[in-house]
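K.L.:
The residues making up each chain are set out below.
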Amino acid sequence: MSFLRFAARRLAEMAATLLGASFVIFGALYLAPGNPASFLLGGRSASPEALQAINEHYHLDDPFAERYLHWLGQVVQGDFGRSITYRTDVSRLLADRLPNTLMLISMALVLVLVFGLILGWTGAVRGGSTDSAILVTTTFAIGTPSFVAAVLLQGLFAVRLHWFPTGGTGDGFGQMLWHLTLPAVALALYLIGMLARVTRAAMLDVLGQEHVTVARSRGVRDSLVIRRHVFRNALGTVLTTGGLIVSTLLVCTVLVESAFSVGGIGQLLELSTTTKDFPTVQAISLIMVALFMTVNLVVDLLHPLVDPRVSLDPSKKAA
Amino acid sequence: MSASVSASDPSPAGPPAARRRSARGRYALPVAALAALSLVTACSGPPKAGGGTTSDAGFKLSAGTPAAAGELDSFTWALYAEPPTLDYISAFDYPQNTILSNVCESLMRWTPQLTMAPGLAEKASNPTPLTWVYDLRAGVRFHDGGTMTPEDVVYSLGRQMDPANGAAWNSNFSNVESVTKTGPLQVTVSLKQPDSQFPQYMATAAGVVASEAGVEKAGEDYGTAGSLDCTGPFSLGSWNKGQSIELKRFDGYWGPKAKSAKAVFTFLTDPSARTNAMLSGEADGGYLIPTESYSRLSNSGTGKLYFGEGLSTVNVNVTSMKGALGDVRVRRALSLALDRRGFVKAGLGGAGTVTTSLTTKAAWAEAPEDVRKAAFDGLPSPEQNIEAAKRMIEEAGATGKTVTIATSSIGQDVSLLATAVQDAGTKIGLKVVLKTIAPNAFTSLFTDPAAREGLDMFPETYYDSITDPMDLLSNFQTGAYQNYAGYSDEAYDALNDKARAEYDPAKRFATAAEMQKKAADQVLWIPVAEWPTAVFLNKRITGAPTTISYLYHPWAADVGAAAK
Chain A
17 MSFLRFAARR
27 LAEMAATLLG
37 ASFVIFGALY
47 LAPGNPASFL
57 LGGRSASPEA
67 LQAINEHYHL
77 DDPFAERYLH
87 WLGQVVQGDF
97 GRSITYRTDV
107 SRLLADRLPN
117 TLMLISMALV
127 LVLVFGLILG
137 WTGAVRGGST
147 DSAILVTTTF
157 AIGTPSFVAA
167 VLLQGLFAVR
177 LHWFPTGGTG
187 DGFGQMLWHL
197 TLPAVALALY
207 LIGMLARVTR
217 AAMLDVLGQE
227 HVTVARSRGV
237 RDSLVIRRHV
247 FRNALGTVLT
257 TGGLIVSTLL
267 VCTVLVESAF
277 SVGGIGQLLE
287 LSTTTKDFPT
297 VQAISLIMVA
307 LFMTVNLVVD
317 LLHPLVDPRV
327 SLDPSKKAA
Chain B
63 MSASVSASDP
73 SPAGPPAARR
83 RSARGRYALP
93 VAALAALSLV
103 TACSGPPKAG
113 GGTTSDAGFK
123 LSAGTPAAAG
133 ELDSFTWALY
143 AEPPTLDYIS
153 AFDYPQNTIL
163 SNVCESLMRW
173 TPQLTMAPGL
183 AEKASNPTPL
193 TWVYDLRAGV
203 RFHDGGTMTP
213 EDVVYSLGRQ
223 MDPANGAAWN
233 SNFSNVESVT
243 KTGPLQVTVS
253 LKQPDSQFPQ
263 YMATAAGVVA
273 SEAGVEKAGE
283 DYGTAGSLDC
293 TGPFSLGSWN
303 KGQSIELKRF
313 DGYWGPKAKS
323 AKAVFTFLTD
333 PSARTNAMLS
343 GEADGGYLIP
353 TESYSRLSNS
363 GTGKLYFGEG
373 LSTVNVNVTS
383 MKGALGDVRV
393 RRALSLALDR
403 RGFVKAGLGG
413 AGTVTTSLTT
423 KAAWAEAPED
433 VRKAAFDGLP
443 SPEQNIEAAK
453 RMIEEAGATG
463 KTVTIATSSI
473 GQDVSLLATA
483 VQDAGTKIGL
493 KVVLKTIAPN
503 AFTSLFTDPA
513 AREGLDMFPE
523 TYYDSITDPM
533 DLLSNFQTGA
543 YQNYAGYSDE
553 AYDALNDKAR
563 AEYDPAKRFA
573 TAAEMQKKAA
583 DQVLWIPVAE
593 WPTAVFLNKR
603 ITGAPTTISY
613 LYHPWAADVG
623 AAAK
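Chains as they are written, first to last, in my numbering: chain A, 17 to 335; chain B, 63 to 626.
Keep in mind that the hints were calculated from the coordinates and are not lab data.
Please note that a few of the clues may not be correct.
If you want a taste of the chain B side facing chain A, the calculated C-beta under 7 Å gives, among others [as the list claims (entries may be wrong)]: (1) Asn-188; (2) Gly-314; (3) Gly-317; (4) Ala-335.
Here chain A is said to cover these stretches of chain B; the calculated rule only asks that three of the stretch's residues, wherever they fall, bring their Cβ under 8 Å from a Cβ of chain A [as the list claims (entries may be wrong)]: (5) 447–461; (6) 582–594.
Cut-off 20 Å, straight-line C-alpha distance, at most; resulting in silico cross-link-like pairs (DMTMM-like, lysine to aspartate or glutamate) [what the hints assert, rightly or not]: (7) Lys-303(B) to Asp-187(A); (8) Lys-254(B) to Asp-187(A); (9) Lys-579(B) to Glu-445(B); (10) Lys-324(B) to Asp-187(A); (11) Lys-579(B) to Asp-389(B); (12) Lys-601(B) to Asp-313(B); (13) Lys-310(B) to Asp-187(A); (14) Lys-601(B) to Asp-187(A); (15) Lys-580(B) to Asp-432(B); (16) Lys-463(B) to Glu-515(B); (17) Lys-279(B) to Glu-65(A); (18) Lys-303(B) to Glu-65(A); (19) Lys-489(B) to Glu-456(B).
Since the structure is predicted, the reported quantities are computational estimates derived from the model, not experimental observations.
Where a beta carbon is used, it is the ideal one built from N, C-alpha and C, also for glycine.
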């Protein structure tokens with residue numbers, strides 16, 4: 017199977033999954049109790065005319081299938097509708113907040129890749145007490161959920177030491193970097209631990225294999241062996257973990273954004289869910305699913321490039 | 063503690079901390095008043111003596127904060143959530159009103175002492191029971207340059223009344239027949255029937271006057287982008303979505319100029335993040351302090367935590383009389399067995415006053431002494447009496463019966479109150495079941511009958527939007543929105559109609575006192591405590607009111623430098 021056909025096939029699968037997800041997302045909200053109209057009215061009693069006017073305006077009384085198709089038609093054209101609570105276009109709400117979330121996730125991802133790989137590599141190669149120290153540190157990191165890390169980091173570095181702000185994003189790139197450092201660390205901590213463990217295990221696995229022993233016995237320089245043979249072989253495992261890392265970042269950003277008052281889409285999702293702001297929740301959920309799937313697609317496409325042994329044909333297992 | 067709140071709900075839906083206030087917010091509206099900042103001698107404070115309230119010495123109420131000594135370039139204020147919109151017709155909750163009160167003004171105005179004063183109307187008169195005439199202040203400028211006219215008033219109130227707008231204040235206009243211009247600076251409101259509540263609501267966001275041209279120009283975006291084009295001491299500056307809203311001093315303001323050139327509101331949804339921002343100086347102050355942060359803030363040395371008398375009461379709302387609670391003796395017994403003191407200490411951080419009155423003392427500030435006494439006299443003691451309560455349950459034959467109460471990790475006031483009720487019930491022979499509601503769904507209890515299914519009661523903090531006990535007591539008339547238990551009593555409804563139609567405060571409050579008696583006798587909700595307003599100010603700033611007036615009073619204009 018050619019690479020292009022493989023990619024096209026994966027894209028088609030992704031589109032189908034997105035369609036299914038859109039139906040689930042659209043339908044799920046209607047099963048939960050509560051009505052957006054009552055939130056709009058602030059829980060006050062309203063005249064039947066006022067309620068009807070709201071229901072008509074937001075098509076809340078239309079049959080389910082009609083509303084789903086109407087919504088889907090708009091979404092395909094890039095129109096996510098109007099937010100019920102914020103009374104503004106959802107696309108505008110997202111445009112205001114998506115950059116904050118993407119920046120936060122990117123910063124966390126850089127931290128995870130740099131520190132996760134370095135710690136994992138060092139542990140596997142050095143061994144001994146260095147390895148033990150790294151094991152202890154990563155165990156601690158894995159055991160600390162991001163919202164707990166958020167509270168600890170805030171208390172120490174923002175309130176006590178005043179090194180970083182307690183929250184927000186600030187104006188301009190430099191300010192943003194400074195404001196998002198603590199949230200990014202809180203978000204990354206657990207994943208650094210996880211990636212370090214995975215990298216270490218994968219490298220140790222390869223280190224014990226025959227071809228490494230052979231290469232070493234032939235007198236190839238140790239650093240070269242580790243780079244060429246060990247790390248490259250371990251990279252496939254690391255890459256698979258990468259997909260998992262990005263999706264975890266997407267999920268955890270909801271908690272961290274709230275803790276640090278970062279006005280991103282995670283925080284927006286949380287607020288919109290509470291007020292049953294259907295259009296906003298639907299748009300964010302769909303975008304999250306799309307991002308998640310894109311990451312998996314990229315990982316799948318990169319895999320054969322990193323590791324030539326991986327077959328493009330799904331019917332054959334990797335060699 | 064926020065960490066524990068988050069920890070209980072690690073789902074992608076996120077930590078519920080922010081929800082906490084909106085859940086209670088819409089109902090809880092404190093008022094607070096208090097006589098006496100020596101500068102303001104005219105104010106009449108709420109009564110101190112009498113009835114079923116016992117003061118705990120754990121906290122001190124302040125009439126206000128010291129007046130500002132000088133001007134400021136800017137101050138930063140912590141809010142627990144971002145307002146979805148600043149359109150005044152949707153402004154029913156804390157975040158919106160805390161900001162909006164400084165930008166948009168109403169026909170009447172709430173004072174820091176929680177009395178009503180003239181606002182954009184210089185005078186409100188009532189020539190016949192069915193008409194309210196508002197004589198407007200001359201030369202009032204809108205932020206975008208126009209001058210306020212009667213047409214703007216007719217237009218602004220008309221937006222509240224138009225059913226298509228779904229205004230949060232719509233029901234307050236249910237008795238309004240028409241709003242018309244009756245002079246170059248005069249507007250007349252005609253009523254279908256006399257309504258004593260309507261003129262009082264003209265001091266809330268229901269009475270806001272915005273520029274017709276400004277609202278029309280903004281169209282669908284009004285309240286979410288651009289200018290609000292109102293008349294207040296501040297105009298809306300930049301709105302950094304998801305982060306902050308900046309207000310700028312309005313130089314064309316008709317009244318005393320604001321003491322700060324800028325006021326910046328930052329949205330800090332997590333309670334511990336909010337406290338941390340105040341401790342680190344990133345926020346200079348804030349209202350609605352998380353109870354669990356009271357001691358951290360007062361002991362921090364970075365500023366001062368003040369309490370003001372409030373119009374908020376913490377209650378247990380009876381939502382169903384189909385089960386064991388259908389017998390009034392069971393409701394009375396539960397109320398008698400409740401450890402109110404223990405709850406105030408743990409749930410409200412010690413800053414609260416135990417009570418068996420549904421309404422706050424402050425809500426009766428305008429009532430004559432004897433009426434006030436009548437309203438509170440004869441209410442049961444707030445002290446716990448397990449033995450007596452046990453006997454009542456036995457008499458009612460309710461021993462072993464089950465009562466279900468909602469609980470939630472939304473805030474310790476909710477979860478600890480539910481636990482206190484369970485404790486009381488268990489001690490007197492009832493089986494009290496706690497039903498845990500996800501924090502994000504707690505708000506649904508107020509709005510959705512399906513969410514209340516299987517529940518007999520839930521903890522609720524209620525606030526009055528006006529200084530009048532009718533605001534709460536009218537909840538027990540037949541078919542009222544919050545009359546979840548379906549209480550219906552012809553005599554009560556008659557009293558309610560009579561009080562609503564009565565403009566004379568003395569007579570109205572006398573009728574309200576009868577209603578209070580009935581509601582208390584029937585234990586329609588179980589009152590637990592009065593909850594004061596809390597405000598934190600760091601050492602840099604001063605001047606903010608301590609009372610709930612910040613919802614409808616341009617309070618930020620009074621905030622200035624603590625020292626010259």
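K.L.:
Are the hints correct? Go through all of them and say.
P.N.:
Hint by hint, here is what the structure shows:
A cut of 7 Å between beta carbons decides the hint on Asn-188(B): the least distance to chain A is about 25 Å, and the hint is violated. Below 7 Å, beta-carbon pairs count as interface contacts, and Gly-314(B) has none with chain A, the closest being about 28 Å; its hint is therefore violated. Look at Gly-317(B): its Cβ only gets to about 29 Å from chain A, farther than 7 Å, so that hint breaks. Because the closest C-beta pair between Ala-335(B) and chain A is about 5 Å apart, less than 7 Å, the hint holds.
Evaluation of the coverage hint for the stretch 447–461 of chain B: breached, as 0 residues show C-beta separations to chain A shorter than 8 Å, against a requirement of three. Look at the stretch 582–594 of chain B against chain A: 0 of its residues bring a Cβ nearer than 8 Å to a Cβ of that chain, fewer than three, so the hint is violated. Distance hint between Lys-303(B) and Asp-187(A) is fulfilled; the C-alpha atoms sit about 12 Å from each other, no more than 20 Å. For the proposed pair Lys-254(B) and Asp-187(A), the alpha carbon gap of about 53 Å is over 20 Å, so the pair is violated.
A C-alpha spacing of about 19 Å is found between Lys-579(B) and Glu-445(B), which places the hinted pair at or below 20 Å, so the restraint holds. The hinted pair formed by Lys-324(B) and Asp-187(A) meets the criterion: a straight-line CA distance of about 17 Å does not exceed 20 Å. A C-alpha spacing of about 18 Å is found between Lys-579(B) and Asp-389(B), which places the hinted pair at or below 20 Å, so the restraint holds. Proximity of Lys-601(B) to Asp-313(B) is assessed by CA-CA distance (about 27 Å); at most 20 Å being required, the pair is judged violated.
Among the hinted pairs, Lys-310(B) with Asp-187(A) is consistent with the structure: their alpha-carbon atoms are about 18 Å apart, no more than 20 Å. With a C-alpha separation of about 26 Å, the suggested pair Lys-601(B) and Asp-187(A) falls outside the 20 Å cut-off, and the hint is violated. For the hint pairing Lys-580(B) with Asp-432(B), the CA-to-CA distance comes to about 18 Å; that is within 20 Å, so the pair holds. For the given pair, Lys-463(B) sits about 18 Å from Glu-515(B) by alpha-carbon distance, which is consistent with the 20 Å threshold.
Distance restraint check for Lys-279(B) and Glu-65(A): the Cα-Cα separation of roughly 26 Å exceeds the 20 Å cut-off, and the hinted pair is therefore not satisfied. The straight-line distance between the Cα atoms of Lys-303(B) and Glu-65(A) is roughly 32 Å, outside the 20 Å bound, and the hint therefore fails. A C-alpha spacing of about 12 Å is found between Lys-489(B) and Glu-456(B), which places the hinted pair at or below 20 Å, so the restraint holds.
Consistency note: the structure conflicts with the earlier hints numbered 1, 2, 3, 5, 6, 8, 12, 14, 17 and 18.
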